[in-house]
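> Sequence:
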Amino acid sequence: GYCVSSTNCKNVCRTEGFLTGSCDFHVASRKCYCYKPCP
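Here the working numbering is used: the first residue of the sequence shown is 275, the next is one more, and so on.
Simulated from the structure, these hints should not be mistaken for lab results. Note that CB positions come from ideal geometry on N, CA and C, so glycine has one too. Take these hints with a grain of salt, some might be off.
Below, computed lysine to any residue pairings styled on SDA-like, alpha-carbon distance capped at 20 angstroms [to be verified]: (1) K284 x F299; (2) K310 x L293; (3) K310 x T289; (4) K284 x T294; (5) K305 x C287; (6) K310 x T281; (7) K310 x V286; (8) K310 x D298; (9) K310 x R288; (10) K284 x C308; (11) K284 x C297; (12) K305 x N285; (13) K305 x F292.
Quick list of simulated restraints, FRET-style, between CB atoms [to be verified]: (14) P313 x V278: 15 to 25 angstroms; (15) C312 x R288: 13 to 23 angstroms; (16) N282 x K310: 17 to 27 angstroms; (17) S279 x A302: 11 to 21 angstroms; (18) S280 x V301: 10 to 20 angstroms; (19) T281 x K310: 12 to 22 angstroms.
Whole structure, please, built from the sequences with the hints as guidance.
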């Protein structure tokens, strides 16, 4: 979803069970991308 800072994005991703996340520019807005290791 939409985000402003990577710190907030990381915290949201962690509460959703992901390892980490980052706030990156995509098309016309910044979006939060969550990451987890491949099995």
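> It remains to establish, for every hint, whether it holds in the given structure.
The hints, checked one at a time:
no.: 1; hint: K284 x F299; in the structure: holds (15 angstroms)
no.: 2; hint: K310 x L293; in the structure: holds (5 angstroms)
no.: 3; hint: K310 x T289; in the structure: holds (13 angstroms)
no.: 4; hint: K284 x T294; in the structure: holds (5 angstroms)
no.: 5; hint: K305 x C287; in the structure: holds (12 angstroms)
no.: 6; hint: K310 x T281; in the structure: holds (16 angstroms)
no.: 7; hint: K310 x V286; in the structure: holds (13 angstroms)
no.: 8; hint: K310 x D298; in the structure: holds (16 angstroms)
no.: 9; hint: K310 x R288; in the structure: holds (10 angstroms)
no.: 10; hint: K284 x C308; in the structure: holds (7 angstroms)
no.: 11; hint: K284 x C297; in the structure: holds (8 angstroms)
no.: 12; hint: K305 x N285; in the structure: holds (14 angstroms)
no.: 13; hint: K305 x F292; in the structure: holds (16 angstroms)
no.: 14; hint: P313 x V278: 15 to 25 angstroms; in the structure: violated (31 angstroms)
no.: 15; hint: C312 x R288: 13 to 23 angstroms; in the structure: holds (18 angstroms)
no.: 16; hint: N282 x K310: 17 to 27 angstroms; in the structure: holds (18 angstroms)
no.: 17; hint: S279 x A302: 11 to 21 angstroms; in the structure: holds (18 angstroms)
no.: 18; hint: S280 x V301: 10 to 20 angstroms; in the structure: holds (18 angstroms)
no.: 19; hint: T281 x K310: 12 to 22 angstroms; in the structure: holds (18 angstroms)
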